[in-house]
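The working numbering runs 9 ahead of the 1-based position in the sequence shown.
Rather than coming from a laboratory, the hints here were simulated on the basis of the structure.
Hints are supplied without guarantee of correctness; some may be wrong.
Claimed, not checked - Listed below are the simulated DSSO-like cross-link pairs for lysine-lysine, each with C-alpha atoms no more than 27 Å apart in a straight line:
| hint | residue 1 | residue 2 |
| --- | --- | --- |
| 1 | K16 | K109 |
| 2 | K71 | K16 |
| 3 | K80 | K96 |
| 4 | K95 | K25 |
| 5 | K91 | K71 |
| 6 | K95 | K71 |
| 7 | K61 | K25 |
| 8 | K61 | K96 |
| 9 | K109 | K61 |
| 10 | K71 | K96 |
Stated by the list, open to error - Label-pair restraints from in silico Cβ distances:
| hint | residue 1 | residue 2 | range |
| --- | --- | --- | --- |
| 11 | P104 | N127 | 30 to 40 Å |
| 12 | A77 | P104 | 31 to 41 Å |
| 13 | D70 | I38 | 33 to 43 Å |
Glycine residues also receive a C-beta, built at the ideal position from the N, C-alpha and C atoms.
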Amino acid sequence: MNNTQLKNIGSKVLAKANISEDEKFGSVIAILMIISIILTVIRVLQECNKNKLSASCTAADKCSLYGAEIKEYSIRRGWFTKMRIKKILRRELSPEQYNKYSLALLNALLDTGENLNNEEISCLVEAANV
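Using the sequences provided together with the hints, build the complete structure.
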């Protein structure tokens, strides 16, 4: 697990959210919050796919499956995907922050998910498995 890579992914999402600098509720805290949200989304994906993976699956198999799922859900952007991410956002953000930033963060998460490379996906899957 590479903490700098996680920080870079969190920074990407925060930059795409277009939240003004004075409203980023402390950049370190915001990045940690974004990383927490991303890892929770990965854990939800893992829970949904636990029956698809056999016990003999390697880490590379898991990364390729989750990578394909992340990209597919990020591109399709169905109502169920948005609903699940919004549910996670509601848990992580205060009600005021949720009302103000949820749509921007949702779109930023999905935009970033479309463009993740294999190295970033494996880093996220590793971090979510801890």
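Going down the list of hints, with the structure as the test:
With a C-alpha separation of about 23 Å, the suggested pairing of K16 with K109 holds against the 27 Å cut-off. The straight-line distance between the Cα atoms of K71 and K16 is roughly 22 Å, inside the 27 Å bound, and the hint therefore holds. Only pairs whose Cα atoms come within 27 Å are accepted, and K80 paired with K96 is accepted, the gap being roughly 20 Å. With a C-alpha separation of about 17 Å, the suggested pair K95 and K25 falls inside the 27 Å cut-off, and the hint holds.
With a C-alpha separation of about 23 Å, the suggested pairing of K91 with K71 holds against the 27 Å cut-off. Between K95 and K71, the direct Cα distance comes to roughly 25 Å. Compliance with the 27 Å bound is thereby established for this hinted pair. Pair hint K61 plus K25 does not hold up; C-alpha atoms about 32 Å apart against a cutoff of 27 Å. For the hint linking K61 to K96, the alpha-carbon distance of about 24 Å falls within 27 Å, and the restraint holds.
Restraint check for K109 and K61: not satisfied, since their Cα atoms lie roughly 37 Å apart, outside the 27 Å limit. Restraint check: the Cα-Cα separation between K71 and K96 comes to about 25 Å, which is no more than 27 Å; the hinted pair holds. A hinted range of 30 to 40 Å for the beta carbons of P104 and N127 is consistent with their spacing of about 37 Å. A77 and P104 have their C-beta atoms about 35 Å apart, which keeps the hinted 31 to 41 Å range intact.
Between D70 and I38 the C-beta distance comes to about 35 Å, which sits within the given range of 33 to 43 Å.
Violated hints, in rising order: 7, 9; the structure is consistent with all others.
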